Each structure stands twice: as C-alpha cells, then as structure tokens.
Amino acid sequence: GQQLNQSPQSMFIQEGEDVSMNCTSSSIFNTWLWYKQDPGEGPVLLIALYKAGELTSNGRLTAQFGITRKDSFLNISASIPSDVGIYFCAGQANFGNEKLTFGTGTRLTIIP
Amino acid sequence: DAGITQSPRHKVTETGTPVTLRCHQTENHRYMYWYRQDPGHGLRLIHYSYGVKDTDKGEVSDGYSVSRSKTEDFLLTLESATSSQTSVYFCAISEVQSGINTGELFFGEGSRLTVL
Chain A
1 GQQLNQSPQS MFIQEGEDVS MNCTSSSIFN TWLWYKQDPG EGPVLLIALY
51 KAGELTSNGR LTAQFGITRK DSFLNISASI PSDVGIYFCA GQANFGNEKL
101 TFGTGTRLTI IP
Chain B
113 DAGITQSPRH KVTETGTPVT LRCHQTENHR YMYWYRQDPG HGLRLIHYSY
163 GVKDTDKGEV SDGYSVSRSK TEDFLLTLES ATSSQTSVYF CAISEVQSGI
213 NTGELFFGEG SRLTVL
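For the record, the sequence lines run as chains A and B.
So that you can map any letter, position 25 of the first sequence is 25 in the working numbering, and since no number is skipped, the others follow by simple counting.
Remember, the working numbering sits 112 above the position in the second sequence when you count from 1.
With the rest of the complex left out, here is chain A (with noise of 0.2 Å):
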C-alpha cells in the first residue's frame, strides 16, 4: 500500500522558534491535509491542500503541497507551548476517494 515518510519523528524546541516538517511519499497523491492531536484527544484537521504548488495559511501554520504531488510541507512560527503535540500529514490519492494514507507523526515538544 501507499506509504508517507513523515519527518522529523520528533523535535525538541524553545518557544518562538520555527518549526519546519514535512511529508513524502513514493506515489502521488491529490489531496494532502495536516491534523494535529493533543494528548488524550483525537486528531484534528489544522490544514487541507488541493493543488499542486498551493501555500495555505492558518494562522501561525503555513503548509504546502509540492509541485511534484509527492511531497508536503507544514511551517510553524514563533511557537508557543499550545503548539505541543503530534502532527500528522496525510494523503488522498484521488479526490473523492474514501481512503486516506497517514504519515506517522512528528512529535513537537518545546523546551521551557
């Protein structure tokens, strides 16, 4: 099956840095979509892609799908310790396709 090489597995940062990550895969995908979880709850969706070569910010979060269709980035600036958790990248390889393929996570931690 399809596979997201999602990295770093972990970052170790102090607050108002930047964090980059990123999201690759062997195959191409249409979608790409960003989600983080907090301890103890469920993902949730910070950031969903459509295009090739789109940037999208939400806030903070500024995520790209790459021109190639394999790859994704998500930017997060000047962090704060709400930013804490485990972000997820995960791929649709057709639009309206039920099935999506997850990345298994970058865990961010800050450093206080």
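You may find that some hints are simply not true.
Derived coverage of chain B by chain A (criterion: at least 3 residues anywhere in the stretch with Cβ under 8 Å from a Cβ of chain A; other residues may be distant) [stated by the list, open to error]:
1) 127-141
2) 183-192
With beta-carbon atoms standing in for the labels, derived distance ranges [unchecked claim]:
3) B:ARG142 / A:PRO39: 26 to 32 Å
4) B:TYR162 / A:ILE67: 29 to 35 Å
5) B:GLN209 / A:SER7: 27 to 33 Å
6) B:ARG121 / A:SER57: 30 to 36 Å
7) A:GLY59 / B:SER179: 19 to 25 Å
When the alpha-carbon atoms are kept at most 30 Å apart in a straight line, the in silico DSSO-like pairs for lysine-lysine are as follows [to be verified]:
8) B:LYS182 / B:LYS169
9) A:LYS99 / B:LYS182
10) A:LYS99 / B:LYS123
11) A:LYS99 / A:LYS51
12) A:LYS99 / B:LYS165
The set of hints was computed from the structure by calculation and includes no laboratory data.
All values derive from a computational prediction rather than experimental measurement.
Note that CB positions come from ideal geometry on N, CA and C, so glycine has one too.
Knowing the structure of chain A, use the given hints to seat chain B on it.
The following block gives chain B in isolation, referenced to the frame of chain A:
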C-alpha cells in the same frame, strides 16, 4: 464540532472475549471510519462505511468486523480479542462537498482498549 461520540472510552478485556466499540454521529454524515493508533504506526484504517449497510475494508481489517444499520451508528467488533488488538481506536467522519468526499476527517475522542 462534528458531533461524534465514541463508547466506551476505556475498556479492559481478556483474550478471546468479544468486544464492540460504538461510534455515534449526530449530523447525518455519509462516510464513517474506524482507525487504530499505535506507537510508530500512526493511524491505520480498519474499516469504513459509505452508507447504511455499505462498508469496505481498510489496510488492517483482519480480526475486525463492522456494521452500519443506521446512518448515525457505526459499530466495530472484535469477535475474539487478542493482545495485538490493544490500541486506541478512533472513529471519524468525512466532509462531503457537492457529493464528493473531500478527505477532511473529523475524529472522535478515541476508545482505549486493553486486551490482557
């Protein structure tokens, strides 16, 4: 708020016993999903449903069955639980726009299952 409720939220059971997890939604969404989450594996699709009595397998469906007899409820059953099925189970629904599944999932709060 997608109005998704999972029950039970926590369950401990013994190997070989049957277990049913329930997902209830209040907003008439067509698509419903069951995922399991394990360290190092992210979220893996077990089964999904695209309508009443319409279900299909995901990537890790062995040992699981599902049923959807009405729009609002999607049940996940482990006929004979094994220790490898210890996991956190998430139900999700997806948004549909102009009749097309957008892939935007909204998750429940999860059900933590421990099989001893």
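query = Okay, which hints does this one fail, numbers in order?
reply = When the structure is compared with the hints, numbers 1, 2, 7 turn out to be violated.
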